[in-house]
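Undergrad: In terms of our numbering, the first sequence has 530 at position 27, counting the first letter as 1, and numbering is strictly consecutive.
These aren't lab readings, by the way, just hints derived from the structure by calculation. All C-beta atoms, glycine included, are put in the ideal place defined by N, C-alpha and C. Watch out, some of these pointers could steer you wrong.
Distance ranges between label pairs, derived from CB positions [what the hints assert, rightly or not]: (1) Ser705 - Gln539: 44 to 52 Å; (2) Thr666 - Val760: 20 to 28 Å; (3) Ser569 - Pro764: 21 to 29 Å; (4) Pro647 - Asn570: 44 to 52 Å; (5) Ser786 - Arg762: 20 to 28 Å; (6) Leu707 - Arg637: 33 to 41 Å; (7) Arg762 - Gln539: 25 to 33 Å; (8) Arg773 - Thr710: 32 to 40 Å; (9) Gly551 - Thr710: 45 to 53 Å; (10) Gly752 - Ala543: 28 to 36 Å; (11) Arg625 - Leu707: 47 to 55 Å; (12) Ala783 - Ala543: 51 to 59 Å; (13) Arg637 - Lys604: 16 to 24 Å; (14) Arg762 - Glu518: 39 to 47 Å.
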Amino acid sequence: MPELPEVETIKGDLEKTVIGKKISRIEIFNPKVIRQPQAAEFKRSLTGLRVKRVLRRGKLLILELSNAKFLTVHFKMTGQLVLRKQEPAGERKLPDAGSKKSITRVTFYLDPGLALDYNDLRLFGELRLIDDWRKLKFIQELGPEPFGLSLTDFKKMLAKKKTKIKPLLLDQKFIAGIGNIYASEILFRSKIDPQRPVHDLSPLEQTVLYKEMLKVLQSAIKHGGSSVDDYVRVSGKNGDYARFHQVYGRNGKPCLVCRTPIKRIAQGGRGTFFCSKCQAVPSSGARKENPR
DNA sequence: AATGGGACCTGCGCGC
DNA sequence: TGCGCGCAGGTCCCAT
């Protein structure tokens, strides 16, 4: 679930807390999330390094280390990074002691006195220690960041596509960082039906889409992201943007603009939420009739 | 090129 | 109360 605004929030939280800190020790509770190199070498190579910088590209979080290598974190659906105080010696417990099952997969002990837990219920997340994050195949194929993309370029990109708009917004090769929550929210605010083919969008609609995309992402970052399922900030606290959601997860509830019940449909196996009235396909004399 | 499905995982909420 | 099932969605991979 962490999408661009959530990863950007985590980045900001880490910048305030772990820059310059030394990784003194690492505990790996489930090596499945360590994708590169093997867990033992991951642990050995990382121990003793300091965190130099924190970066983000799309939904990927990148920690630049003091030896110029990089620790990358892809949270996929249920990954979390949570910072806590390291328990004084003798009082150490297993992570999440008290709850039935720990979802802490890796703990990074940071001198002085801190512990950064990588939690991941579903184990889809990926941690890597690599020489250069820019060489990751996934990164090389990634589309542009929404911020820093001009309207002109955005329109040029749209012109080449024949897909429906919602799946296209989710396509990381098209544009980086948008996931299922923000795709629905952006389209609602743009008053565009998620099922519309891209080549059908008027120039005005494309402009509106571009502006709403930036507005929604910016606002979500400002409010610390959306905590709908598992996402939490580095402090363990929820992000605050979910209360601004207009359609996501509001299946059957009245549209906040027109009271029409919000619809949920499946697109590419994923849920899409929208208001069939606010996001109706505009009637146009130029539109050829399309019976059924 | 676009689209659809399965795979990876686990907990939750549902119907019976 | 308990069981089985579908669902959640980021990304990769294969098939059509």
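Undergrad: Does each hint hold? Answer for all of them.
TA: Going through the hints against the structure:
{"no.": "1", "hint": "Ser705 - Gln539: 44 to 52 Å", "verdict": "45 Å, holds"}
{"no.": "2", "hint": "Thr666 - Val760: 20 to 28 Å", "verdict": "27 Å, holds"}
{"no.": "3", "hint": "Ser569 - Pro764: 21 to 29 Å", "verdict": "55 Å, violated"}
{"no.": "4", "hint": "Pro647 - Asn570: 44 to 52 Å", "verdict": "30 Å, violated"}
{"no.": "5", "hint": "Ser786 - Arg762: 20 to 28 Å", "verdict": "22 Å, holds"}
{"no.": "6", "hint": "Leu707 - Arg637: 33 to 41 Å", "verdict": "37 Å, holds"}
{"no.": "7", "hint": "Arg762 - Gln539: 25 to 33 Å", "verdict": "51 Å, violated"}
{"no.": "8", "hint": "Arg773 - Thr710: 32 to 40 Å", "verdict": "26 Å, violated"}
{"no.": "9", "hint": "Gly551 - Thr710: 45 to 53 Å", "verdict": "51 Å, holds"}
{"no.": "10", "hint": "Gly752 - Ala543: 28 to 36 Å", "verdict": "41 Å, violated"}
{"no.": "11", "hint": "Arg625 - Leu707: 47 to 55 Å", "verdict": "41 Å, violated"}
{"no.": "12", "hint": "Ala783 - Ala543: 51 to 59 Å", "verdict": "58 Å, holds"}
{"no.": "13", "hint": "Arg637 - Lys604: 16 to 24 Å", "verdict": "37 Å, violated"}
{"no.": "14", "hint": "Arg762 - Glu518: 39 to 47 Å", "verdict": "43 Å, holds"}
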